[in-house]
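Visitor: Letter by letter, the chains look like this.
Protein chains: 2
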Amino acid sequence: MTATKRQLHLNVGINTTGYLANAWRYRTGDRHDINNPDYYRRLTELAHKGLFDAVFFSDHPALMTDPNGRPFHTIDPLILCTVLAAQVPDIGFVATMSSTYNSPYNLARRTQSADIISGGRMIINIVSSFNPNVAANFGAEPLPPRSERYAKASEFLDVAKRLWSSWDPAREGDIPENRFWDAASAQAIDHSGDYFTVQGPLNVPVGPQGHPVIAQAGTSEGGIDLAARHGEIIYCNILSRPAGQAFGRKVRDRAIALGRDPSAIRIVPGLVAILGKNREEALRKHELFSGTGSEDGLIARFIKDNGINPDGFDPDAVLDPERFIPDPNRIQAVGMGLGLSDLLSHEQLTARQAVRRSEGHHRLVLGTPEEVADAIIDLWADGTVDGYTLQPPRAPDDIEEFVTNVIPILQDRGVYRTAYEEKTMRERYGLPYPFNRFG
Amino acid sequence: MTATKRQLHLNVGINTTGYLANAWRYRTGDRHDINNPDYYRRLTELAHKGLFDAVFFSDHPALMTDPNGRPFHTIDPLILCTVLAAQVPDIGFVATMSSTYNSPYNLARRTQSADIISGGRMIINIVSSFNPNVAANFGAEPLPPRSERYAKASEFLDVAKRLWSSWDPAREGDIPENRFWDAASAQAIDHSGDYFTVQGPLNVPVGPQGHPVIAQAGTSEGGIDLAARHGEIIYCNILSRPAGQAFGRKVRDRAIALGRDPSAIRIVPGLVAILGKNREEALRKHELFSGTGSEDGLIARFIKDNGINPDGFDPDAVLDPERFIPDPNRIQAVGMGLGLSDLLSHEQLTARQAVRRSEGHHRLVLGTPEEVADAIIDLWADGTVDGYTLQPPRAPDDIEEFVTNVIPILQDRGVYRTAYEEKTMRERYGLPYPFNRFG
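Taken in order, these protein sequences are the chains called L and U.
Going by our numbering, the letters in the first sequence line up with residues 1 to 439, in that order.
Going by our numbering, the letters in the second sequence line up with residues 1001 to 1439, in that order.
Quick caveat, the hints were computed from the structure, so don't treat them as lab data.
Be a bit skeptical, because a hint or two may be false.
Unchecked claim - Okay, derived cross-link-like pairs now, DMTMM-like style, lysine to aspartate or glutamate, Cα gap no bigger than 20 Å in a straight line:
| no. | chain 1 | residue 1 | chain 2 | residue 2 |
| --- | --- | --- | --- | --- |
| 1 | L | Lys423 | U | Glu1371 |
| 2 | L | Lys5 | L | Glu422 |
| 3 | U | Lys1304 | U | Glu1322 |
| 4 | L | Lys5 | L | Glu371 |
| 5 | L | Lys285 | L | Asp378 |
| 6 | U | Lys1423 | U | Asp1412 |
| 7 | L | Lys49 | L | Asp38 |
| 8 | U | Lys1049 | U | Glu1322 |
| 9 | U | Lys1152 | L | Asp382 |
| 10 | L | Lys152 | U | Glu1421 |
| 11 | U | Lys1423 | L | Asp378 |
| 12 | U | Lys1049 | U | Asp1066 |
Claimed, not checked - Here are the simulated distance ranges between beta carbons:
| no. | chain 1 | residue 1 | chain 2 | residue 2 | range |
| --- | --- | --- | --- | --- | --- |
| 13 | L | Asn36 | U | Ala1170 | 49 to 59 Å |
| 14 | L | Arg179 | U | Arg1284 | 36 to 46 Å |
| 15 | L | Glu148 | U | Pro1144 | 18 to 28 Å |
| 16 | U | Met1064 | L | Asn36 | 54 to 64 Å |
| 17 | U | Asp1314 | L | Gly139 | 49 to 59 Å |
| 18 | U | Asn1133 | L | Glu148 | 47 to 57 Å |
Quantities reported herein were computed from a predicted structural model and do not represent experimental measurements.
C-beta: ideal position from N, C-alpha, C; glycine also.
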């Protein structure tokens, strides 16, 4: 134990009705919630009561029109985070945005503005868009190939970092009486690269965090490279200890190879927790919230999702991990699919067992509050993860249950805060203040 | 007088230290204000006390680095308006944004989000960027020619309007028990035009105003065309009654020619008001706030700004209006320059007189609170204008003086509200709810 005690980090996703498309049938509230700013305020207040590090908004600039589900990404995340920051103190905000379909200048300006307004509580989750429905909202061109999207995302963040630090705060002190400012404190960046040409300077000075904390969500090879270069908080899907340790090593080794301090990276994967008075109750809730209705239903979905021939499939036979390696050329988030193949390559599991290990691609933990707390602490205690991003099946219900029943246990075990102490997200996550070219 | 009494509309600009670059020397506050969200909250509260229709943020996505002035456009206007809407009730927000350097999908989503969050208090001022320093922040390409920028802006708004209304609110009522929503309530727009290809639908439903009110700021030919097509609130520079009447006729005639109801347009030009115990005091303040120091200084600046040969120039000779028609090909806001030539073509003025008629391109009114109130009512009473957008030389000082001294006179005269009554900006401005393709 060092002087500063290592702490469990917990974020919570609060998109619309919760993480699972079908769980809305069992939630408190009505369909107007998803478009109601007061609803998001209530969710954020609930998260604040639970002393979460931050609330997390995933995003996707296109409407997903599953008639059986619900709209998932509606109100613009940064706009929503900005208003929530005015309404709820202390807690941080993770806003997802696309590096494929934004310009670095506008995005750097907006996010620095939101960071200033929130007093340094902004984390931005930069994603490289992978969906043709998104591309179709931004022109006639198809999606660029994956490698190009990641190269563009990396240059995007290089430019954003230079813009965020294009004002020299040190010059603020020494200004003649007859001048309002030292105009030379803001310097052009004159960037000219493969994807972007940006003169600068930004018209917003350096913010309370130097720049917003950068989260990164990819776990494909390109995603790991981007995480190693730029990610400060890594959101990913880690389904087991060996898979998590391998992932963490890979990201940190790559960071070292790029000359970056690997201690400036926090890994907070997604987590779906379903609580019950006992494990059996949690299993039944899982079957309901997933929309499959039963264990057989979960297995049938597993067969379908993985393109398995159902004829003669034995749900109690050990699965072959080779069978589950995702095709890197398919048009979707490759990283998400890797979770299952990584799990199976480290543990011998049957389909019946595997369906209880993940939900919506993320680690699933089922059981009593004590069992869930144990499972969370388990991978945190040895540093496999730095914490989790809770993805509640239902909002507000599963956030409320977690805050009421699990948080006190985590506090009793001494791994989780009992009050907010830090002001900025960099302080809360123990991340360094970023390099500024002015020194 | 009809059943609904016609009302004077007043907005107030609250960029950084106020409208005039040099007036900061005479303002209350320090240089940290411009980057401090609490400062903008205080200005908005002051505007709320004065019952202004809305606060106005001009914008420019580039840093203007005049060492003698101050940064003018810093924090992103929409981010700032979003947080201010959470902090200050009733008042509206005009956020300026570029149609040249934004994508319609992102902008439509962000602004609809902000409109929902503010309960229908958003006005968006869509401008076609004219500055090469802006272009240099968004790529290596030079600015497109003016005609192309306006054609692009018009198509931009066509697309945005279709996105804003891509959900059918009527389908909200009739949803089966086992469904969260009617996914068919959101329809693709499948736009494919000269500048944009956008599939849609938007992932945000229709907002409280149908869509945010659209303000338009250009007064060049292209700007008038855009205003006639799309503008609901026109921000412009009108320096005299005949010029204002000619402008209003032109915009409304063009709207009619385009098949649009001209009664759905409000004209609220900029206005710089400088108050004094008497006119002499106001004149001296004008000389100080303009940074010219004296009447001779104002005349010298006039000579310089208009490229006049100072040798033998007689400041008391009547000016030739032909001399002041701006070159439509120069790289700046042509509309602004037209104000002066329009003024001179309708009134015989000397340079000594002309310098007291506008400041920062806008109508200047100087004198006691009664004189200023009279001048405001004068052009409003016969419908030349629907109101004004006050551009206070100094913030907060000139807003405070106006609220304390001029607002009560306008209220006494029965032309200005004594309390907020309407919720949305459409209601406040008496603008129609926009057309929705679902009827």
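Visitor: Does each hint hold? Answer for all of them.
Guide: Against the structure, the hints come out as follows:
no. : hint                                  : result
1   : Lys423(L) with Glu1371(U)             : 50 Å, violated
2   : Lys5(L) with Glu422(L)                : 14 Å, holds
3   : Lys1304(U) with Glu1322(U)            : 17 Å, holds
4   : Lys5(L) with Glu371(L)                : 24 Å, violated
5   : Lys285(L) with Asp378(L)              : 23 Å, violated
6   : Lys1423(U) with Asp1412(U)            : 24 Å, violated
7   : Lys49(L) with Asp38(L)                : 16 Å, holds
8   : Lys1049(U) with Glu1322(U)            : 44 Å, violated
9   : Lys1152(U) with Asp382(L)             : 56 Å, violated
10  : Lys152(L) with Glu1421(U)             : 50 Å, violated
11  : Lys1423(U) with Asp378(L)             : 52 Å, violated
12  : Lys1049(U) with Asp1066(U)            : 33 Å, violated
13  : Asn36(L) with Ala1170(U): 49 to 59 Å  : 19 Å, violated
14  : Arg179(L) with Arg1284(U): 36 to 46 Å : 23 Å, violated
15  : Glu148(L) with Pro1144(U): 18 to 28 Å : 26 Å, holds
16  : Met1064(U) with Asn36(L): 54 to 64 Å  : 39 Å, violated
17  : Asp1314(U) with Gly139(L): 49 to 59 Å : 58 Å, holds
18  : Asn1133(U) with Glu148(L): 47 to 57 Å : 29 Å, violated
In terms of the numbered hints stated before, the structure departs from hints 1, 4, 5, 6, 8, 9, 10, 11, 12, 13, 14, 16 and 18, listed from lowest to highest.
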